[in-house]
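Using the working numbering, the letters of the first sequence map in sequence onto residues 1 to 420.
Note that these hints are calculated values from the structure, not bench results. Note that the coordinates shown come from a computational prediction; the quantities given were computed from them, not determined experimentally. Take these hints with a grain of salt, some might be off.
No farther apart than 27 Å at their CA atoms in a straight line, the calculated lysine-lysine pairs in the DSS-like style are these [claimed, not checked]:
#1 Lys-173 x Lys-2
#2 Lys-155 x Lys-189
#3 Lys-2 x Lys-122
#4 Lys-204 x Lys-189
#5 Lys-155 x Lys-122
#6 Lys-276 x Lys-341
#7 Lys-173 x Lys-255
#8 Lys-60 x Lys-341
#9 Lys-204 x Lys-155
#10 Lys-189 x Lys-122
#11 Lys-341 x Lys-263
#12 Lys-157 x Lys-176
#13 Lys-157 x Lys-173
#14 Lys-193 x Lys-53
#15 Lys-193 x Lys-62
#16 Lys-341 x Lys-298
#17 Lys-341 x Lys-62
#18 Lys-189 x Lys-176
#19 Lys-276 x Lys-263
#20 Lys-207 x Lys-193
#21 Lys-173 x Lys-193
#22 Lys-173 x Lys-204
#23 Lys-53 x Lys-242
#24 Lys-298 x Lys-53
#25 Lys-154 x Lys-176
#26 Lys-193 x Lys-176
#27 Lys-173 x Lys-155
#28 Lys-154 x Lys-173
#29 Lys-122 x Lys-154
#30 Lys-157 x Lys-204
#31 Lys-207 x Lys-48
#32 Lys-48 x Lys-60
#33 Lys-207 x Lys-53
#34 Lys-242 x Lys-255
#35 Lys-204 x Lys-193
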Amino acid sequence: MKPTFALVDCNNFYASCERLFRPDLTDTPIVVLSNNDGCIIARSQEVKDLGVKMGSPLFKVKGEIKRHVILVFSSNYTLYGDISSRVMQTLEQFSPYVEVYSIDEAFLDLSGIGALEEYGQKIRSTVIRHVGVPVCVGIGPTKTLAKLANYAAKKFKGTRGVVDLTDAQRQMKLMKITPVGEVWGVGRKLTQKLESQGITTAFKLAKMNPHQVRQSYSVVLERTVCELNGESCLELDEVGSKRQQIVCSRSFGEKLTCYSDLKEVVCEFGARAAAKLRGEEQLARMVTVFIRTSPFDKSGPNYANAATGSLVQPSSDTRQILELAVRMFDSIWCEGYRYAKAGIMLGEFCSPYDVQLDLFADQTDSQRNDSLMTAVDALNCKGQGKVWFGGQRPKKDWYIRQANVSPAYTTRWSCLPVVK
DNA sequence: TCTGGGGTCCTAGGACCC
DNA sequence: TCTGGGGTCCTAGGACCC
Numbered sequence: 001m002k003p004t005f006a007l008v009d010c011n012n013f014y015a016s017c018e019r020l021f022r023p024d025l026t027d028t029p030i031v032v033l034s035n036n037d038g039c040i041i042a043r044s045q046e047v048k049d050l051g052v053k054m055g056s057p058l059f060k061v062k063g064e065i066k067r068h069v070i071l072v073f074s075s076n077y078t079l080y081g082d083i084s085s086r087v088m089q090t091l092e093q094f095s096p097y098v099e100v101y102s103i104d105e106a107f108l109d110l111s112g113i114g115a116l117e118e119y120g121q122k123i124r125s126t127v128i129r130h131v132g133v134p135v136c137v138g139i140g141p142t143k144t145l146a147k148l149a150n151y152a153a154k155k156f157k158g159t160r161g162v163v164d165l166t167d168a169q170r171q172m173k174l175m176k177i178t179p180v181g182e183v184w185g186v187g188r189k190l191t192q193k194l195e196s197q198g199i200t201t202a203f204k205l206a207k208m209n210p211h212q213v214r215q216s217y218s219v220v221l222e223r224t225v226c227e228l229n230g231e232s233c234l235e236l237d238e239v240g241s242k243r244q245q246i247v248c249s250r251s252f253g254e255k256l257t258c259y260s261d262l263k264e265v266v267c268e269f270g271a272r273a274a275a276k277l278r279g280e281e282q283l284a285r286m287v288t289v290f291i292r293t294s295p296f297d298k299s300g301p302n303y304a305n306a307a308t309g310s311l312v313q314p315s316s317d318t319r320q321i322l323e324l325a326v327r328m329f330d331s332i333w334c335e336g337y338r339y340a341k342a343g344i345m346l347g348e349f350c351s352p353y354d355v356q357l358d359l360f361a362d363q364t365d366s367q368r369n370d371s372l373m374t375a376v377d378a379l380n381c382k383g384q385g386k387v388w389f390g391g392q393r394p395k396k397d398w399y400i401r402q403a404n405v406s407p408a409y410t411t412r413w414s415c416l417p418v419v420k
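Using the sequences and the hints, build the whole thing.
Written out as structure tokens, the structure reads:
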């Protein structure tokens, strides 16, 4: 049986989340900012129509914000995460196979289902009724075509938010009017290169010879070409597939210059990363620490460095990870810079069930360590910062700017909206 | 004054081996 | 005069995604 994929994507997701408990903002233009209130990472439709670009640094668009009376929100990931899981839960009733692709979109396997457009409309109306977030649905024989269908569903109002692209004629019709840069997997660099070769639309890309594409570009683009022609190369990746890397990093609200400050921040990130790792039920072998000044900071010299180390035994024990992280940090720390960002990466994962045990280690010790970590996680499960390790600095006095953050409406009792 | 964070995959080139 | 060839593994960096 030929596969059928749907891509369900929330419209202006973060902005829609902010509106969910503020019905008074239905027609107000709003933007949501990145961590530290740095860049614009989400815009409501009105703001998109005004031409405010995604990713613009806030200070560069201050004028437009003021002129058009755009309401500004700091990001509230607690809220977005909770709304996201409600959307995903709702989607599960429409397909036995759901791949949560990002916080605001999911692929569904709709193979064998008829009357697809109607089905798509049913998905839309159900999500808006159950969660209150508007979504668009794109349907196609490959993931890339489902993505393309979703693009059309968002762009053309006449589609009422659902496009079924299983028909080859419709595929061609749409691809002829779609700029090549809108194709999933074609980014800025590739767009430039393709356009310089005269490949300006999705249709022209689809008509290229896959073998030549592989030679002049890459196997990735070759796959894209095949997918545009209805040949499914990318499978549905179901929930449960493990991550290969965990990163925890932040820019600081204020530059840090002192060794102990930065070390505490690195430990804080390390502890958070280790907790995430335990949540995944994995062990890590590799730990990388990086620190850097701001590339935009012209007031002094720039410095960026990273160091990677390996644990003797794969572990998810915060203490072992922090011990190595501090060693890595010490090896790259340099006095005299104004640091803007730091982070930690964990990698080379393995399952706790197939670790090679240390011949000389006392196994009762490792069991006790596991219990300790489980206890710490349980104590910290409702938000961070109840229990922490020496070296961490959980009080956040390295300060992240968050001037306009909305309440945690759905995850904190004290923030529950009240109906009068 | 002020420029996000977290992922994946592929490739080229060097080291090393026989 | 004349200096192999082929394979694997690892890493850094680039491109992409949201």
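- Item | List of violated hint numbers, smallest to largest | Per hint list: 7, 10, 15, 23, 31, 33 and 34 violated.
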